[in-house]
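Peer 1: Chains as they are written, first to last, in our numbering: chain R, 3 to 300; chain G, 159 to 770.
One or more hints might be untrue.
Stated by the list, open to error - Which chain G residues face chain R? A few, computed with CB under 8 Å, are given here:
#1 Thr691
#2 Thr695
#3 Ser699
#4 Ser724
#5 Met734
Derived by calculation from the structure, the hints in this document are not laboratory data. All values reported here derive from a predicted model rather than from experimental measurement. Cβ atoms here follow ideal geometry from the backbone N, Cα and C, with glycine treated the same way.
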Amino acid sequence: MTTRITQGMMNQTLLYDLQNVTTQLSTSEQELSSGYKLNQPSDDPYAASQALKLRADLASNQQYQGNVSDANAWQSVADTALGDIGDSVQRARDLVIQGANGTNGSSDRTAIVTELTQLIDSIKTDANTQYAGRYIFAGTATDTQPYQQGSVDTYSGNTATITREIGAGVQVSINQTGSSIIGDASSGLLATLRTIVNDLNSGNTDALSTTDLNAIDAANDSLLNARAQVGALSDRLTTATNRLQQTEQSTTQLLSNVQDADMTQVMVKFSTQQAAYQAALRAGAQIIQPSLMDFLTA
Amino acid sequence: MNGLVEHLERQLESNRRLLQIVLAQGEAIKVQDVQTVLARLADVQQEMVKRAQIERERDGLLRTAAQVLRVPADQVSLDMLLTLTPEPTATRVRALSAELKGLLAEVARIHRQNRVLIRQELLFLDHLMRVMSGAPRPDTRPSGTRRRPSPPTSWTSGASVAISTFMGLETSLRGLLAQQQALDVTSHNIANASTTGYSRQTAVLVASPAYAMPGVSTAPAGAGQLGTGVDVAAYQRIRDSFLDVQYRAQSMLQGQAQANQDGLQQVQLAFNEQPTSTGLSGLLANYWSAWQNLSNNPEDMGTRQALAQSAASLADGFTSLSGQLTTLQSQTAQNVTDTLAQANSFGTQIAQLNLTISKLEVSGDTPNDLLDQRDVLLDKLSALGNVSATAGANGSVNVSFGGASLVTAGASSTLAETDLTGLTSGKLQGLITLRDTTIPGYQTQLNTIASALIAKTNTQSALGYDLNGNPGGAFFTGTDASDITVNPALISNPALIAASASGAVGDSGNALAIADMQSVAAIGSSTIDTAYTQLVTQIGSDVQQSTNQVSTTTALVNALQNSRQSVSGVNLDEEMTNLITYQRGYQASARALSAMDSMLDQLINRTGRVGL
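Only chain R is shown next, with the shape it has when bound in the complex (with noise of 0.2 Å):
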């Protein structure tokens, strides 16, 4: 025996079928507004914690470019800080090479220290540069100027490194603090330059001629080292740019497959949903009207 087809049954099942094609039109149509094939959870609950991590990926991956990107400035910062440091040294160094010379009278030598003196200071006012408001070579203590200018030599600042993150657990030390750049009263290069201000003032040359100029070719060479470190980590925070960027592009690449909809494949779902949805209904339209009424006449 065949199945007994009843008119409510094929509107039922044409009802169905119709809601069925309208469901899939619906969220073919949706993929093509947003541009997204994941818009709930639901739609790929894999895929949707996979978009979730690559989505605090991409803005922990952003944060560590921003923390890059500062601490880039902030070399930047000290590496102009220190070169203007080394002219100073550089010519500190001529002019007490000058004053070695023992053919300079008692007026020769007090123009030569307070060119010194001036240089001390414009030393001191480099070690107090300022990024963005903080004393970049005052340690931790960011707020407190290291040092004063005058003939007080203290370092105000502490040794604390200032660290920043540039990858998940990777810090880098960013900062150096004047103590080990210029020293203060008691060592380093202030106290360097004070012993030779005082060795001009007292025509020791010979000090000045060994001691003094070793100990400036010291410093000279300390300060050296120290911009090769600023140079080193410029390179490094720029590997990590590299690197950041790289990764972000791929994260980005991943997130891009885990939930945007492939608009090509979309609209060529679209189109097919669409003519199986107008031949259901076209389908519908010819089949439920027709009944043996009519073709019965009166």
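Got chain R sorted already, so can you dock chain G onto it with the hints?
Peer 2: For chain G alone, kept in the frame of chain R given last:
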């Protein structure tokens, strides 16, 4: 010859009365109406008394004629009488006489037939009595031979026909009535083609009880059964109760899946984790970034303010999500109450239908349309929970819902949620699971995440120092997702945020430590981010699973609904075909009736005159 015409007219009058009486008697015998049979017998005897006068009159007339003709009275014939009668009276007498002869023959025939019928009834009673008393049949027929079954022998011999001339009219009338009833049923089907839950009906046509005739001419072997036409035995509802059971079982699962899906989708919407509008995941990312930014600029009040704001947004995100879950839970609880009330209302309606159905069933009717209505209610009820319907007395059903008795015959109970100890499925079960298990489960997970965030952040915060060099206070207040807030003191004065690990203003070690909590296990082996991702993934896959269940059960319910429709649904082509069949049947019965009518017309009005 005086008085002859008057006498003949009186004779005719009397015989017509007799014919009426015996015909009435015959009808009464057919329906076994003993009272009427006896009453008509009395009528016959009364008429016979009247006839004694007429007979005396006849004797007188004959004697007078005999004297005139000089022949013995018993040899006087009609022709002799007519010689004494002048025209046109003679012609009149001849006609009356012929009519009288015909009438007499008819009265005799009907009377004979009545006697046969009575004898037949008596034979049947006799047979019945013997069968009941176990006595053997008195006749000599060998056992095993039976009376001939239907179809009846054809009644061609005038001598053996003992049925009414008008029986054919009766047969045609039954045909007309039955076809008309069948047409009514067809119309009913067409009218209800789109009625929910309607089961198509058919008029069950059966041949009406045959008219058993003992063979008069060839008795006893010549007996037969004369068909008397058609009757509508019942209006039958076409339905397969097995499909009902299957449909309700699926409908129950569908109801549960649907309730589950509706609730879970709302939960998913509350979490709002979409590519374009991010929920808590985006707020968490902003929060961690704000701590990183603070680690870059620990001295900057603007950065601190930004952190305080994004932390406040995160806290708001937690409390609002927690609030939405609580609202969903209470809405679901309300839905449970409403659904239960709906189930109880269905129970009341079923009980009322039970009462009406029972009354009608007791009186022998089958209330098809009420049965359909009750089945629709049972279908609706089964979507709400597991239903078991068992047949009760007099066509009622006893219904248990969720393991508790809801309807017993005409009485229904008002069930409370605590009564439903055996509830296993359906919308109600889906809602209860959502209310008691699913939503509180999500709530707990969310609270765990918020609690971990509060505890870890506050612990780390206490290890650090604020911008003034004082030890850090609590960053968050509250204990879980429902009441998490940023310490109001930090909002009004962000300098109090403990970013420094040492107390130095440029030190951001503590801020960095808090920022790094993003990648540190905080809940078991999960970080706060991954715990949240797991929660969202779980909700997503719960929704997906429920959606799959809905589409599977819907497809099954649809298939079963189609199966039911295949059995019970109205097919308009079929009904139109039936309409034509019954219409033609009606026309044919009417034609048979008119054929019978013209036959009787022929018999009564066109046959040659009898006598005279």
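Peer 1: Hint by hint, say whether it matches the structure.
Peer 2: Okay, the hints, checked on the actual structure:
1. The interface hint given for Thr691/G holds, since its Cβ lies 4 Å from the closest Cβ of chain R, which is under the 8 Å cut-off.
2. The closest approach between the C-beta of Thr695/G and any C-beta of chain R is roughly 4 Å, which is under the 8 Å cut-off, so the hint is satisfied.
3. Hint status for Ser699/G: holds, given a least beta-carbon distance of 4 Å to chain R, under 8 Å.
4. With its C-beta approaching chain R no nearer than about 5 Å, Ser724/G sits inside the 8 Å limit, and its interface hint holds.
5. At about 4 Å, the closest approach between the beta carbon of Met734/G and any beta carbon in chain R falls short of 8 Å, and the interface hint on this residue holds.
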